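Enquirer: Chain by chain, the residues:
There are 2 protein chains.
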Amino acid sequence: MKKKYLLTPGPVEAPRRVLEAASRPLISHRCGEFSELFKGISRKLGRLFESGQPVVILPSSGTGALECAAVNFLRPGDVFISLSCGVFGDRFREIAARTGARGIYVDAEPGSAPTPEAAAAALRENPGARALLVTHNETSTGVTVPVREIIAALPAEGRPLVLADGVSSVGAIECLPESWGVDVLCTASQKGLITPPGLGLVWLSKRALDELKGRECPSYYFDLKLHLKNMKPDSYANPYTPPVSLYYALDAALDIILAEGAPAWFAKRRRYAEAFAAALEELGYELLVRDRRLRSAGVTAFSAPGDASEVVRKRLSAAGYETAGGQGTLKGKLIRAAHYSDWEMPDMEDILRAFAEAIDNNSDDGYLKTARNIFENR
Amino acid sequence: MKKKYLLTPGPVEAPRRVLEAASRPLISHRCGEFSELFKGISRKLGRLFESGQPVVILPSSGTGALECAAVNFLRPGDVFISLSCGVFGDRFREIAARTGARGIYVDAEPGSAPTPEAAAAALRENPGARALLVTHNETSTGVTVPVREIIAALPAEGRPLVLADGVSSVGAIECLPESWGVDVLCTASQKGLITPPGLGLVWLSKRALDELKGRECPSYYFDLKLHLKNMKPDSYANPYTPPVSLYYALDAALDIILAEGAPAWFAKRRRYAEAFAAALEELGYELLVRDRRLRSAGVTAFSAPGDASEVVRKRLSAAGYETAGGQGTLKGKLIRAAHYSDWEMPDMEDILRAFAEAIDNNSDDGYLKTARNIFENR
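So the sequence lines, in the order shown, correspond to chains A and B.
Each residue of the first sequence is one higher than the one before, starting from 1 at the first, in full-length UniProt numbering.
Each residue of the second sequence is one higher than the one before, starting from 1 at the first, in full-length UniProt numbering.
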């Protein structure tokens, strides 16, 4: 049978070894073996983030991790600045607004990103803002927001807590919360971490840990202090039952990423994205993100010639290549293809050939040579 | 290698077929195949509950399902009556109290259960109570609370919403929310549903659906209306990424339960529990729950002769039989052994022999005959 490709930007195709890990016999989440598994994952996440700060693991989707950040750090009456350039930035602010905090909204057009200048200006106008919400990778448009530069543009004094959505960046795109100055970084298992969905992850800075002291959390489920209390140096546990099989899977996935070395892994995803985009353009597809520096290494958004994106998506799906469409105002207008998985050049060639066939492009295979050249030599 | 037994009351040992289902290649949660999988699970849950009412599936633990019930149906200033006879009843009320609602606490001793009379009396004294919280199976003591009888004892007029915790009952113990008059039934994947942990389930009565209308939910993640809006008759979807692999696993587990027929499956768990308890008593263990009618079909709590429960648990663990201990005030004083899994008589014999060895009981195998007689003939 012909291989099928899951090109949706989450869940992404998980490596076979990761899926097999998810079928190991279950163990008690109160035994030493589980504690060691959890500690091992923490150490590996520490290597990914280049940080020894704790990462809480929730039985949740990425949306749950974002809600966890919001309910632990925002209260009714607080002001937060929310930077958004798409559906997921909008979702983060909606989650935050339900805490009763008031949002100052800074928007960028789909396909572009909020700028450091816009963030700094919003903060000057709202000097008492408690938090700044930013989405590192906007999955709906394939834009990677320059979080590092945005944080660098903020004044050091009276700086709001930076709550970052790394759901579709972590694991695939360099994201160093400690050195960049992020306070709370949320992510999930099913994208850059090439694991099945079901785990939400929340990394916390020293300042974030300090802020938690003396605060009551209105949610029991997302109470970070309850989670941290269970993560003692000698034994790592959870306040309630964790998805044991997905811990096994995440552990196996982190081994795959770290065996290559995180920077090398990120660089490969970047080369893949650039090679893929160049070949798509050569085929006649139009990329949504014009500024190359903003193009995501995890997901690429583009449209088919002649406004035929939805027709092309159906043809791709019938051929075994499952993509995602546009969301929100871009519904029906986009094709989104992810490249978080551990694909190599033969996979990209298969995929690109399918994209050529789907628009009846019978040109020679120059587009494949372009892709190979970038992926292998850049 | 000798077989190991996971006797903890969650996660429980999942059948091989269920674990294998969890390792299937991932699919997009926005494709038709996933919608069919979700719909199939819904139909199967409908057979288990003997109800056509919707069941929302959350990426969460059972605690998350309980929080979902609380945040959708309780508001600051509401009064709720909470019946508790152990750690999990106490947890449910703590979750509910964080909404700002005020709890009226009705307690029963560990090993006993709240009575219908006590519930009715509390309601007479608090006629405006918005909700009654009840735990169907108290995992910390192995007590099954007579939820059906408790609801029957409530006046029909001005009845509070009944929010039931079925986390450790559903799948193993008959639980018919619609015919019993439950309004919101919460459960999770990893106990009676013999699936790995990671899914929280929330069944909703007609009245509960009505109550949701016009209400704003303070939580985005647990917003039931958002979930229900995505469950259209022709396509079942989720508002955010569901744990796809665990849906596969739950589907396989429901097939195993329903192939036997839910009532037959429940009866077998009941016979297993009775046989197991009788053999344990014959060996010299002391059962916590004196009233046989309250003994859980899912989990049995007991102590080893001579206050040696913790020593015995360690010996069992070293031999490959992982049990749970007591919780809260019963810490160190109990052994808890679950029997949610699809174990047959040979498994029970293995397990009982280990329990005999762990207390150096070298008597003849009369206790095994007792067990066999009850399991096979009752």
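Everything labelled a hint here was simulated from the structure, so no lab data went into it.
Note that the structure is predicted; figures quoted are calculated from it, not measured.
Among the hints, a few may not be true.
With beta-carbon atoms standing in for the labels, derived distance ranges [as the list claims (entries may be wrong)]:
1. B/E149 <-> A/E36: 41 to 47 Å
2. B/R75 <-> A/E36: 40 to 46 Å
3. B/K213 <-> A/D365: 34 to 40 Å
4. A/D365 <-> B/E33: 28 to 34 Å
5. B/G128 <-> A/E33: 45 to 51 Å
The beta carbon of each residue, even a glycine, is placed where N, CA and C say it ideally should be.
Enquirer: Which numbered hints does this structure break?
Expert: Violated hint (a single one): 3; every other hint is consistent with the structure.
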